[in-house]
Structures are given as structure tokens and as C-alpha cells.
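Number of protein chains: 2
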Amino acid sequence: MREPDPNLLSINTATVRAQWQLPEIIAGCARRGIRMISPWRDQVAATGLKESVQRIKDAGLALSGYCRGGMFPAIDGKTRRAALDDNKRTVDEALALGAPCLVLVVGGLPKDERGRVASKDLIGARAMVRDGIGELLEYARPSGMPLAIEPLHPMYAADRACVNTMSHANDLCDELGGGLGIAVDVYHVWWDPQLEREIERAGGHSGRLMAYHLCDWLVPTKDLLLDRGMMGDGVVDLPRIRGWMEAAGYRGPHEVEIFSANDWWKRDPDEVLATCVERHRSVC
Amino acid sequence: MREPDPNLLSINTATVRAQWQLPEIIAGCARRGIRMISPWRDQVAATGLKESVQRIKDAGLALSGYCRGGMFPAIDGKTRRAALDDNKRTVDEALALGAPCLVLVVGGLPKDERGRVASKDLIGARAMVRDGIGELLEYARPSGMPLAIEPLHPMYAADRACVNTMSHANDLCDELGGGLGIAVDVYHVWWDPQLEREIERAGGHSGRLMAYHLCDWLVPTKDLLLDRGMMGDGVVDLPRIRGWMEAAGYRGPHEVEIFSANDWWKRDPDEVLATCVERHRSVC
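Chains as they are written, first to last, in our numbering: chain A, 341 to 624; chain B, 341 to 624.
Bound-form chain A, shown alone (with noise of 0.2 Å):
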């Protein structure tokens, strides 16, 4: 298999966030020849809208997404409507920035006031997802900002995200229609018997496939949240994926996207950057 084109390489910002604020980030990047990021909404509201904007331009650089919008599922119509309100302003940004596509996560089951679960009704959250993707697609679809579903790992089912499978994100872009399309994050769907199939589906003239995301699966893993590898580290046959993604049509951005507390974030962040740059090139 080919190796993968240098310049398809993205840094998303999370990887070096415990490091670098944003305007760091995109210095070190510009330095290193990665002409690509997908800042988090956090890092961009630090800098500032109109400072990021700017900083991106000089720098020359592009996005390959926006992270993020969604957590749609709420405990009440009011708190549902600020979480749209909320996502409405978050597409402003991404356009503002220039980003192909927002990426959502979409909620897990509703919370209380205080962030705890308060609702085992894991259909009705699927439903409030659905209803909330169909009511942002009506302010982001004039707009022209796409939207990805990014299925998260079913681990995070209960408290991130309850859209777990490419098949159900595929079902919910056949259900709402254009503008809508999928991230495709290896780490969430690299145990999916069928995922050749949901990304060939949501591949060709269904042009869905909006991102994909690189890092790797470690064994063992130590934290649910916080313990992602680096592309080569884990057990995740990346060429295969890449290769199905391919096949599919897709020539987009290879976002690295690396949560990684005890590791990756306690690195000098230049190495983290050169890392990536090495094992993109290596071992996706």
C-alpha cells in the first residue's frame, strides 16, 4: 500500500493541548510543515474568534474540522434550547474559521444541573439526537457548514455519546438529509465487524465521509478517557482502515487526535508534533 501524502497530515489541537494554547500550536505546526489543524472550541474561545482566524491566515494554514458541537440529549426543553442556541454560535465559528465541516459529538443520556446521569431512557436520548442534528442541520444547511456525526466508542455511550456505530450514524445522514456526513475516528470504530461496509455506505456518491481521525487502540488501555496511543503504538491496523476509507472515495485530512494524560501530553510538545508527522507517514 502506498504510503499516505504528507500533506493530507492534520494535527488536531487536543493532542498538544495540556502543552500549548492555540496561538503555540499553530507556530509549531507552520514550523514543522503541517499545513493542517482542527482547533477545539475551548482553545479558539481562549485566544480569541477573530485572533485565531487571523493567526490560522498568517500562518497559512487550513482546517480540517472544528471540535465541536452536539450533546444534544437534555433534561428539559429549556436546557435543550440553549444547547441549540449554543450550537447555532458554534457553526458561526466554524465558519467563521473556515472549517469543512463541525464536528458533533452528540450527547449521551440526559444530565441533571449538577452533570450526572439522570435518565436511563438510552432510545429517548437517541431520539433527542435525532431531533437536535434535524434542527441544527436548519440553521447550518443555508449556512454551509456541513455537520459530522462522529460515532464515539460505545464505552462512551452512557455520558459522551450515544451514537456508537457508523450504522446508526449512516441511518440518522438516510433519516435528515444533505449537509449531514460522518467522522470517522479509528479509535471509536476499529472493533466494528461491520465497519468496510458502513464506510463503503457512507463512501461514492453519498459523500459522507467529512473526517477521519488517527490514533491508536493500546492493550492494555488505563483510562477510559485519557489513555489514547500513538498511530503505531496500539493494535489498530491502520493501513486496512485507511484503505477501506480509500476505496471509498475519500482524499481528505488524516486529523491525529491523541488524548493521552499520562504520556503523549506530558511530552515536549515539538517531539509530539514530529512524532506525528513520522508515524503518519510510517505506520498509517
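It does not matter which identical chain is used: a pair holds within one copy or between any two.
Simulated crosslink set (DMTMM-like; lysine to aspartate or glutamate; CA at most 25 Å straight-line):
#1 451 <-> 573
#2 397 <-> 610
#3 460 <-> 603
#4 460 <-> 586
#5 562 <-> 608
#6 418 <-> 452
#7 418 <-> 478
#8 390 <-> 425
#9 460 <-> 345
Treat the hints as calculated values from the structure; they're not laboratory data.
Quick caveat, the model's predicted, so the values are computed rather than measured.
Here the structure of chain A is known, so what remains is to put chain B in place on it, guided by the hints.
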């Protein structure tokens, strides 16, 4: 919804394994009026098979299953054949104990002799699982010991079991035929949007619903392996899933299986059993 029949409660012996050996578990369950257990193989070995059989009989207990066979993928033919031989011995033990089924945890990616994952070929591992179950069925079917595939949560795909959905388990049953069924553990499958449909597919005249395991999914979950919750302490809608099982014709045991290194394994085991009895009645 009706309360569950207390006579259906079974205790998987892992639930109090840190505190008690098998003879104490048998005696403790009998004292409390619990009529079924599902023992683990290492606990039976520690007590001795013959003595285990006798003590279970003397206490008037029945089995809801035997844990466990499986672990089919291997790096070479010699290791694979050794695993098959060991699985055949496990079938013999299950027969001696009078278990209604042998639960299979099918194994993940092949490991080397030091127990480290030695392959990224998940599709190949799944083929080894299919072949391994097929070979074991040739031994188990004439012996009259049903094999129950337990789909494990996708977070165990690499290191414990690469059958991670009811759909995959049903496909294997379709392919491999009689004498093979499914152990439905809510911890592993509660998140699956296809769960109701796949339970229905396994039920009725398919006759594949061989076991039903209970615990709960905690938020947050602090450890991938040993942080399962007592029923009612987590987010799983247990009555809803029981309703699906019953609608599919399941009338068998409700087996409580809790791995909980920092909570239930540190409590008085009599209190643990009392809590299982109470929660089975009140929240399952």
C-alpha cells in the same frame, strides 16, 4: 412490569471471588435461599471437580452456566490445538457439573507466549474464532453440552473477545448450527441500538438465548475490567432489557456477575449476596 421471579436469581461466583472460595460461596448462597450459581473454572479447580460437584449437589443448588471456554485465536497451530484440547476438557467439566451451557469468551487478537498482542489482523482473529467454535461444537454437540457465545463489550475486542455484538453472535449461530447459542450480558450489550432486534432474532424457535447476565454500567467507569456496578447503581435500563428477553421467550436464570475490585470485592460477601437478592427484586 412484573417483579422478576426470585427463584431465577443465580450468582456468578466471580461476584464474591475475592472474599470466598467455592465451598464458602456454595454455602453462602444456600443460606440465603439462592438456588443457582455459575462457577468459574479456576475456582472449581481449586476445590477439585469431584468435591465441587458433591458440594453443589449437597447444597441443593443448580447451575446457570459454567465459566468459561473460548480464547480460540492463537499465533500458531500448536497453540491453537492446545487451546482446543483445553476447551474439550472444559466441556467435560461442564458436563460433570451439570451446567446447562458452557459460556465462551472467544478471545481477541492472537497473543505471543508472553501474553502480548502479536497481530493486528482482527478479521483473521474472527475467522479463527469461527473455526475454533466449529471444531469445539464437533465435540460438545454429541456430548450434549450447549455452547453459549458471550459477546463482550467492544472495549475488549483486542484482548478478550472479538465477538462484540449480538448481531455477530447471531451470525455465527446461523453459520455453525445447532448446539450453539448466546449468553446475553447487559454490561456488554446495553449500548447496542440493534439489541432488541438481535435478542428477538436469537429467541423464539431459534432457541439461542442460553444465559442472561446482570450487573450495571457505572458513570464514570474507572477501570475497563474491574469496575462493574451493582444493579441499580448505574445507567442500564434493566427492566427494559429483561422485557426484550421475555418477549423473545427467555424464561431462564438471571445471573449476577460483578467484577468490582474497589467496591463489592472489598465488602462482606454476605452483604454482597443480600444486596444481589434485594436489587434483583427491586430494580431488575
